[in-house]
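Enquirer: Sequences listed follow chains A and B, in order. Per the numbering used here, the first sequence starts with residue 1, numbered consecutively. Per the numbering used here, the second sequence starts with residue 1001, numbered consecutively.
Hints are computed from structural coordinates only; laboratory data are not their basis. Don't be surprised by glycine CBs; every beta carbon is placed ideally from N, CA and C. Warning: the hint list may mix true and false statements.
Have a look at the derived ranges for each label pair, beta carbon to beta carbon [unchecked claim]:
# : chain 1 : residue 1 : chain 2 : residue 2 : range
1 : A       : Val23     : B       : Gly1085   : 25 to 31 angstroms
2 : A       : Gln146    : B       : Gln1058   : 32 to 38 angstroms
3 : B       : Gly1085   : A       : Ile167    : 37 to 43 angstroms
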Amino acid sequence: MIAATYNAAGVLVFVTASTLMLVGALGVIVVKNPVHAAISLIVTLFGVAIAFVAQSADFLAAVQIIVYAGAIVVLFLFVIMFLGVDRRDDVRVEPLVGQRPLALAGVLITIAGLVTLMARSHWVTGATRVSTSGAPLATGQGNVRQLGTAVFTTYLFAFEATAVLLIIAVVGAVLLARRERRVDETLDDELDVEVRS
Amino acid sequence: MNLASVDPLYSHGVTGVVLLIVLIKVLVGFGAIMGAVTLMIWFERKAISDMQSRIGPQRWGPFGILQTLADGIKLFFKEDLVPAGADRFVFKLAPYLTLVPALITFSIVPLGGTLTIGGHRVMLQVANPPMGILIMLAMSGISVYGVMLAGWASGSKYPLISSVRASAQMISYEAALGMTIVTVILVTGSLTTHDIVTSQAHGVWHWNLIRLGFVPFAVFLIAITAELNRPPFDTVEAESELVGGFATEYSSLRFALFYLAEFMNTITMSAIIVTLFFGGPAGWIPPVPHLKWIFPIIWFVAKTTFFAFCYIWFRAALPRFRYDQVMDLGWKRLIPLSLGWMLIVAGFLVRPGWGLVMAALVVLASVVLARAFDLGHRREVGPDSVLGAVGRRPLPGDVLRKLTDGEGA
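Start from the sequences, fold in the hints, and give me the full structure.
Expert: Put into structure tokens, the structure is as follows:
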């Protein structure tokens, strides 16, 4: 049913985008150097952006590049550069006890959820494709208008709640990083950090 | 995807002729930007030397105009060094990560009006994608990586400091940049550069510079200068502190690529300023038959050259910012200003009354913000400083700050 509507160019774009995503994602896990892993992550994000463009979600594609590739991975790299790349952690040590079985369980639950979603319904929106069935995405600025309307009407509560959550996170981080301490206490803390690392 | 909705060239489907036209557009665009970069490098050196009472390049060609070519040939034949401590793959990748975004950004700039060639309506811009001006934001996000990874991959101290500075600076100013672009998009009602230009085409009073009230333009100009790491924001390659910054370890062709990208970005961003705020190719067209299409191009080139000259002027006239001043300007001045102005513009677009309400709210918010900055500033330099012992050592009072900033800071 769906296969009949595919054309050669569409398949080519899909294969290219998927290859980029998969190669990048594998790279993030396999590569040892954290900076190389971050570069692999950018490759994945580009693949996702291409997939968005192929589905006429131009605005999402642009935002994907601007926010994720342009800001978030830059911050990752920033932190990596600050901490130094040469530090290697031993894989056999578990910082949290029972971390690995829990992670395995999490992965299994996620896969089961995805498979159930695929089998029983058409994902969340009920559409098999973004562009044609269900609510169609308009190209260009219509795209932005649709997204804006959705965010500020149907999903307004979720949107505002996310905004509040982010503000709380930022305030919390600032408070933790810059809480008032006496000078001798500060020195002790720093010595402590040096010893531990 | 409906291509014809953004570019009339595709309205009869994608045929061989259309592909040929697209190919020619790409080649002409590439040639134009390369030629412009060659001239720009010469122009900058010549203008700077005039401003500093020097002679400047004079050996090659009339007025030394071929100097760039000579430099290019010299760099091409120099030995290509990769430092022993370098990460070889990333070291070689980084120059392209600055060059390619510069090229892609130029492709969305409208260079002229619309031509009709053999029944095909051809826009005089390499591409007019539906996401339009967002491409420029995305590409300036990507070009951070070039500088950042170059500095890190060199495996050397000064380039590393430079790359950390670069990433912090470019991310900081991207927010202000994005919000001024949002005001332009709000008033245009479209993302594509073609629509942005055509909405300003009916005379000087319709230029976004005036429609949006100067502030977005001022913020954009400052933010884009910081984004380009051009003087006075070139803390990334501050010679007196960081040798050559991120490009210290680069030589030969790879250095030439960085150099090329820097000047290409300068031209592209001048062109983007013209597109967003000065009507792009809009201007008076004399009633000359058959040659009407050439005047928009001349207007565009004239406006872009003016802003390219402004960048040179900044470099000659303004002293470099200190790094904390760069950050203060970005976060404490430009971001609140552009955010507030965006709210006011949005209010006025809905109804003038709402605009006034927004303006009142913004004034109120800025008073609160000013008070907050004042409190924070006093805590930072006061006797019971909350900053740790690492980093900024407590200075005797705030003597140094007063020495460098004057009493008012």
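Enquirer: Could you run down the list of hints and mark each one as holding or not?
Expert: Quick rundown of the hints versus the structure:
{"no.": "1", "hint": "Val23/A / Gly1085/B: 25 to 31 angstroms", "in the structure": "holds, 28 angstroms"}
{"no.": "2", "hint": "Gln146/A / Gln1058/B: 32 to 38 angstroms", "in the structure": "violated, 59 angstroms"}
{"no.": "3", "hint": "Gly1085/B / Ile167/A: 37 to 43 angstroms", "in the structure": "holds, 42 angstroms"}
When the structure is compared with the earlier hints, a violation turns up for hint 2 alone.
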